[in-house]
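Asks: Here's the letter readout for the chains.
There are 2 protein chains.
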Amino acid sequence: MQILPDVQIIQRPGIVEFGWGHPAPELLPAEALARAAALTLGGDWHAALTYGYGQEPGRLIELIRLRLGRLEGVTPPAEQLMITAGISQALDMLCAQLSRPGDVVLVEAPTYHLALRIFRDRGLRAVAVPGDGQGIHVDAAEAMLHMLRSGGERVAFLYTVASFGNPSGATLTAERRYALAALARRESLMVIEDDVYGELWYDAPPPPPIYNLAPGGPIVRVGSYSKVLAPGLRLGWMLAAPDLVRRCSSCGVLDSGGGVSHFTAHMVAAFLELGLLDPHVEGLRAALRSRRNVMLTALSRHMPSGCTWNPSLGGFFIWVRLPTDTDSAALLPAAEAAGVGYLPGERFFAEGGGQNYLRLCFSLLPPDEIAEGVRRLGAALRRG
Amino acid sequence: MQILPDVQIIQRPGIVEFGWGHPAPELLPAEALARAAALTLGGDWHAALTYGYGQEPGRLIELIRLRLGRLEGVTPPAEQLMITAGISQALDMLCAQLSRPGDVVLVEAPTYHLALRIFRDRGLRAVAVPGDGQGIHVDAAEAMLHMLRSGGERVAFLYTVASFGNPSGATLTAERRYALAALARRESLMVIEDDVYGELWYDAPPPPPIYNLAPGGPIVRVGSYSKVLAPGLRLGWMLAAPDLVRRCSSCGVLDSGGGVSHFTAHMVAAFLELGLLDPHVEGLRAALRSRRNVMLTALSRHMPSGCTWNPSLGGFFIWVRLPTDTDSAALLPAAEAAGVGYLPGERFFAEGGGQNYLRLCFSLLPPDEIAEGVRRLGAALRRG
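Chains as they are written, first to last, in the working numbering: chain L, 24 to 407; chain H, 24 to 407.
Isolated chain L (complex conformation) (with noise of 0.2 angstroms):
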């Protein structure tokens, strides 16, 4: 019998993948997790193994508060931030305590697809919102929800990935974000703000956060640490009102078993402590900005007449808009025939379209293949 594999990713020989939206190996900090981990489990280690409880641990939910505000100038207090075991688990949470099923979801569209199939779980129906290189359209937004409304709709909330979008890179701008943060207010419509991607900015840092530009707005912010330091810590964090924190951190499961990804949330703390986090976001901001680079470099060099894309400015991808009458899954075959993957832009779209997109990697492979796989992809599509 065959043993099943240990990790997501599926690696074809051959084949350059810019489907898979992973870090590369190499920018894990393995070692400096070593360290953390040889801390958390050395002379103080009680707290880290045995069990947790719903908003947790506090030492790291204290060192996230001050990093935030060093980083961005507003401390948020402690019943403000709860660990979670990474955005997708937040965003299970949040469906729980925010919707009901048959609510309708507002996203961006293009989003992110996988978001799409957790809000799906949770029986809710995702309604597209219109979004462009400065994100999401906040009128769009606004019309769409009084027109759901007004035909009796229930709208749970709005989700977005705010910064260095997924798969379309986009950042929304400041004015939109005070737009937005403002809409929130006055609607009640509540906002996650998906902020997996905030410190991966390889040219300037993002505006301020919605969260920051509403306080006490009904505004949730959702952060990461699978894209800074490593997927597998399965390891997150929440910014909420101090209300539906405690309503999350005092579900069944979490009484039950305190916070789900107690052990690395120690680990996390002890990487943070050790003052090794900052230096590390450094090198990566680094070697993704110089693999952006090659990539745009590629992008302009091999990409046929009527190819579009813009230069994102921060997160993992580069979205790419084929001519019209182009099918990047019908292409797609032909492409990996050609030794070149990619994911199909209409994925991301909640109602359909986006047909003539793909969304393309560069944090996963070192330049010289991407280089070669922008080559290849420029082939395909030139074939057709």
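Since the hints were made in silico from the structure, they are not lab data. This one's a predicted model, so the numbers in the text were calculated from it and none came from an experiment. Misleading hints may appear alongside valid ones.
As the list claims (entries may be wrong) - Under 8 angstroms between C-beta atoms, here's a sample of chain H residues computed to sit facing chain L:
(1) 31
(2) 69
(3) 72
(4) 75
(5) 89
(6) 101
(7) 111
(8) 137
(9) 143
(10) 284
(11) 287
(12) 353
To be verified - Among the chain L residues that face chain H by a calculated CB cut under 7 angstroms, a handful are:
(13) 28
(14) 29
(15) 33
(16) 34
(17) 47
(18) 48
(19) 71
(20) 111
(21) 140
(22) 286
As the list claims (entries may be wrong) - Away from chain L, derived, C-beta distances all over 10 angstroms, residues of chain H:
(23) 60
(24) 78
(25) 94
(26) 95
(27) 97
(28) 160
(29) 175
(30) 177
(31) 205
(32) 237
(33) 325
Every residue, glycine too, gets a C-beta built ideally from N, C-alpha and C.
Fit chain H to the known structure of chain L by using the hints.
Replies: Chain H alone, transformed into the frame defined by chain L:
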């Protein structure tokens, strides 16, 4: 501002805490886990730090199924086994797959009180089936099932801690296990067998798991490393029909983030590969057996007449029956004033009852504290 705590447990000076169902700090294998962590983050660390997948990881699934085969004589195929973030997460995930809000769940009276909270969060109504020193009454479960179904109710599943139950310490007899397996098949009643304490037997192993008695039947068995290794790892496993494993492991949350306890799953795989688990469990059994014996001896010496209890043959708890007119919840403040805590029995009954019971945990405290705590409890009961 005060920093939030790191752990669930609150220890109050001067009080012998029999209420917390936690393992003793000195019984957690911190040093051996440090070896496992060092191995995990040593040479071949990539799989442990990147994204896992829903069922995951293959190496741990393989180690667990071979160990089960060695211990129980039945080696489950990999397609029936899935790694979980502990039993609480598994129960929540199973509720999502097996139930709809409004459904009924059959539970034992008494049953694990925090499972009731998880079921409630999913909108389920727990209906109690009487149990005794030999576990749940299968005939009563069948009668209840028929009554509910004929009343138009949908029964999602029956939940039971079959070996060394929490709080009762009772173990379902082999005869009742066969009867329950037959009932499950005959009535297509899904049975969730919570096997959290199965390895912690102090006199003789429990009867075969219900799961093994009904191959292909509607049984799910959930296990955990919280009691035999460390709660903070948030790691467990689930045995179920391949189709149910597939549905659980392909849900949106796991599709996006991979297995929730991915890193500690790799640590525990290393722990097993290093051959550390069996000797640890052996030592744990010896330590807990001796604590159990100390508690039984102290109970015989100090309990007033009219109090009865069964000698728990495994697990963490002894379930004490007080005289019928004694209310354990009402007595608790006086007991705490006398320096001893416990959990009142009524918490473990889904539909009321149990006022004259209390749960004592013998896994957390050293033997001398156990003896002293039982002495104080006896005195408090005598003062009544």
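Asks: Could you tell me which of the numbered hints above are not met by this structure, giving the numbers in increasing order?
Replies: Of the numbered hints given earlier, those the structure breaks are 5, 12, 15, 16, 17, 23, 24, listed in rising order.
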